[in-house]
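One line per chain: the protein sequences are C and S, in this order. Mapping of the first sequence onto my numbering: residues 1 to 119, in sequence order. Mapping of the second sequence onto my numbering: residues 1001 to 1117, in sequence order.
Derived from the structure by calculation, the hints contain no laboratory data. Incorrect hints may appear among the rest.
PhoX-like cross-link-like pairs, simulated, lysine-lysine; straight-line CA separation at most 20 Å [as the list claims (entries may be wrong)]: (1) C/Lys85 x S/Lys1099; (2) S/Lys1117 x S/Lys1038; (3) C/Lys68 x S/Lys1057; (4) C/Lys85 x S/Lys1038.
Among the chain C residues that face chain S by a calculated CB cut under 10 Å, a handful are [claimed, not checked]: (5) Ala42; (6) Tyr62; (7) Lys68.
Beta carbons: idealized from backbone N, C-alpha and C, even for Gly.
Single-letter residue listing:
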Amino acid sequence: MKKLTLALLGSAMFVAGAAQAADVVAGKAAYEKFNCASCHGADAKTSLMPAYPILAGQHADYLEHALKAYQRGQAGAPATANIRKNAIMGGMSAPLSGEDIKNISAWLTTLPSPLAIRK
Amino acid sequence: MKLRTNFKRTLSALAVTATCAFMGSAHAADPATVGDAKAAVNKVSMCIGCHGIEGYKASFPEVYHVPKIAGQNAQYIVAALKEYASGARSFPSMEAIAKSLSEQDMADLAAYYASLK
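Between the sequences and the hints, there should be enough to build the whole structure, so can you do that?
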């Protein structure tokens, strides 16, 4: 019984931890708050310009990486640190916290999307 | 005073709109280079080793799945390749590949991947 309680407690903590790791609802709110939709569209797949990427359905970990790379570029990190320098995204990514990035990416990856892995 | 604030707001809103329009036109792909998806069939060999493999990951400095590019906007694919070629994006393998591509190669590959919806 004690073991069962411990196991239940453990799994409850694991679930709580996972929920803390990325909050999809907060991600949607942050996407709106930081005006991502003004270029990428409210559905994150109808971008205002075809030169802007579809974000809906993209891998969450890639989206996190891209945003961090824009932040590194904006902060003046050297090229060896894997950076992206972009006038728009440098400014847009700068105010995002690590939590915002995680949440926004977690929400984006759940959206319906034409993106796929194909040869 | 209130009028003045409103005027300022209108001005700054206009400035933002103008900047967006300017950046947009600067990003637009060169209309001279029209992509041919069929021509890309013989050029995708350098893409599929990473982007065609389910679960493939890159590892620096974050560990992440390489992006899904099938179904992506063609003009964005070209813009991204040009950023790798110019050094605006740094990632060794993508820099090397992007530098090896001509404008036509980029347009063809972008047309091909955008067509895979």
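Comparing the hints with the structure gives:
no.	hint	verdict
1	C/Lys85 x S/Lys1099	17 Å, holds
2	S/Lys1117 x S/Lys1038	15 Å, holds
3	C/Lys68 x S/Lys1057	17 Å, holds
4	C/Lys85 x S/Lys1038	32 Å, violated
5	Ala42	16 Å, violated
6	Tyr62	5 Å, holds
7	Lys68	6 Å, holds
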